[in-house]
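Enquirer: When you get a sec, could you build the whole thing from the sequences and use the hints?
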Amino acid sequence: MAKDGRFVDEVRGLYETQKQALFSYALSITGERRAAEDAIHVAFCSVLQRSRPSGELRPYLFKCVRNAAIDMRRIERRDDPPASLFNGKHGVDPVTRLQADEALAVLTEDERECVVLKLYSGFTFNEIAEMRHVSINTAASWYRRGIERMRALHKEEITNE
Amino acid sequence: MNDPERQLADMKPAAPSEDFEKRMATLFEDVEPRPAIWRRGIAAWQAAAACVLCGFGGFGASNFFQEPPLVQPPEVRTDHDIRPVNKPAVRSAFDLTDPTPFNAAASPAIQVIIETADWDDPS
Chain A
362 MAKDGRFVDE VRGLYETQKQ ALFSYALSIT GERRAAEDAI HVAFCSVLQR
412 SRPSGELRPY LFKCVRNAAI DMRRIERRDD PPASLFNGKH GVDPVTRLQA
462 DEALAVLTED ERECVVLKLY SGFTFNEIAE MRHVSINTAA SWYRRGIERM
512 RALHKEEITN E
Chain B
2 MNDPERQLAD MKPAAPSEDF EKRMATLFED VEPRPAIWRR GIAAWQAAAA
52 CVLCGFGGFG ASNFFQEPPL VQPPEVRTDH DIRPVNKPAV RSAFDLTDPT
102 PFNAAASPAI QVIIETADWD DPS
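So the protein lines, in turn, are chains A and B. According to my numbering, the first sequence is numbered sequentially starting from 362. According to my numbering, the second sequence is numbered sequentially starting from 2.
In short, the hints are calculated from the structure, not lab data. Among the hints, erroneous ones may be present.
Covered by chain A, per the in silico footprint, the following chain B stretches (three or more residues, Cβ under 8 Å) [to be verified]:
1) 24 to 33
2) 43 to 53
Computed cross-link-like contacts, DMTMM-like style, restricted to lysine to aspartate or glutamate with a CA-CA straight-line distance of at most 25 Å [unchecked claim]:
3) Lys13/B <-> Asp454/A
4) Lys23/B <-> Glu437/A
5) Lys380/A <-> Asp31/B
6) Lys23/B <-> Asp454/A
7) Lys380/A <-> Asp454/A
8) Lys424/A <-> Glu33/B
9) Lys13/B <-> Glu377/A
10) Lys23/B <-> Asp365/A
11) Lys380/A <-> Glu30/B
12) Lys13/B <-> Glu470/A
13) Lys424/A <-> Glu6/B
14) Lys380/A <-> Glu437/A
15) Lys23/B <-> Glu393/A
16) Lys380/A <-> Asp20/B
17) Lys516/A <-> Asp11/B
18) Lys380/A <-> Glu463/A
19) Lys424/A <-> Glu491/A
20) Lys424/A <-> Asp462/A
Every residue, glycine too, gets a C-beta built ideally from N, C-alpha and C.
Expert: Laid out in structure tokens, this is it:
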């Protein structure tokens, strides 16, 4: 394990401030709460065994969590519907929550990841592009297409009603 | 979902479980090189105060472990009392007419050493 106390403190500080965002991101990939938690745990174990990477630590942590979450999804492939990405306890209307989950479910993986990173982790398109090794235009178009797809789904539902 | 972007942003995302929080806390405790209390900077005056307190504490504690003091032996006083013991012999040494044998006057005086001690009187 890491011997550098400052690096451990830095990682811990980032975890404390970003755990909600990290969990949302991992959950959007695994679709299962337990697997998302395991992915974060595995990713942090791995990060703390290495020395500090050069550059910013926050995108690096998200990238590690993403890799671990993809591995976890591969291992624990389930047929159950994905767990809700939203908090059901604190005053969120269940219908709205279901609609939001359904809306996110129609997106492609890239679009969903991009929407979650932008809305719940506060990353810029530039940061998302660097994390995913794509151009900034690709990252922005994933987001835009995702939002448009959700809007279209909503219009379709209204038409059907 | 008229405006999905705004509606999603307003919704509170799900939080990890308490069990997970404990797992992560344990992970960070395991990788800490030293306990957190030892990684805090200690002011010089705090270190000095701790040093003084430990010194006083150690001095106080050492009194509990000392052997009881030994009883001092009584002081021995030595008096030197030099006096002639045989006045006739001394006198004869200076008086050639005295019939006292000369060798008896060879030692005009002896040194008497009286040792007295302030021993406690057993009676």
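Enquirer: Between the alpha carbons of Lys380/A and Glu463/A, is the straight-line distance 25 Å or under?
Expert: Within the cut-off at roughly 24 Å; holds.
Enquirer: Do the alpha carbons of Lys13/B and Glu470/A lie within 25 Å of each other, as the hint requires?
Expert: Given that 25 Å is the threshold and the Cα spacing comes to 21 Å, the pair holds.
Enquirer: Lys424/A and Glu33/B: Cα distance at most 25 Å?
Expert: 23 Å, holds
Enquirer: Please verify whether Lys23/B and Asp365/A have alpha carbons no more than 25 Å apart.
Expert: Holds, at roughly 22 Å.
Enquirer: Check whether three or more residues of the segment 24 to 33 of chain B sit with their beta carbon closer than 8 Å to a beta carbon of chain A.
Expert: holds (count 7)
Enquirer: What's the verdict on Lys13/B and Asp454/A, does the C-alpha distance respect the 25 Å limit or exceed it?
Expert: It holds: about 11 Å lies between the C-alpha atoms, which stays within 25 Å.
Enquirer: Take a quick look at whether Lys23/B and Glu393/A sit within 25 Å of each other, Cα to Cα.
Expert: Holds. Lys23/B to Glu393/A sits at ~19 Å (cutoff 25 Å).
Enquirer: Within 25 Å, alpha carbon to alpha carbon, are Lys13/B and Glu377/A?
Expert: Holds, because 17 Å separates the two Cα atoms, which is no more than 25 Å.
Enquirer: Check the hint pairing Lys380/A with Asp20/B against an upper bound of 25 Å on the C-alpha distance.
Expert: Distance ~14 Å between Lys380/A and Asp20/B Cα, so the pair holds.
Enquirer: Keeping to a limit of 25 Å between CA atoms, is the pair of Lys424/A and Glu491/A held or broken?
Expert: 10 Å, holds
Enquirer: Hint check: Lys380/A vs Glu30/B, CA-CA at most 25 Å. Holds or violated?
Expert: Satisfied, since the Cα-Cα distance of roughly 17 Å is no more than 25 Å.
Enquirer: Within the assertion that chain A covers the segment 43 to 53 of chain B, do at least three residues meet a Cβ-to-Cβ distance smaller than 8 Å?
Expert: violated (count 0)
Hint compliance for this structure: hints 2 and 6 are not met, and every other hint is.
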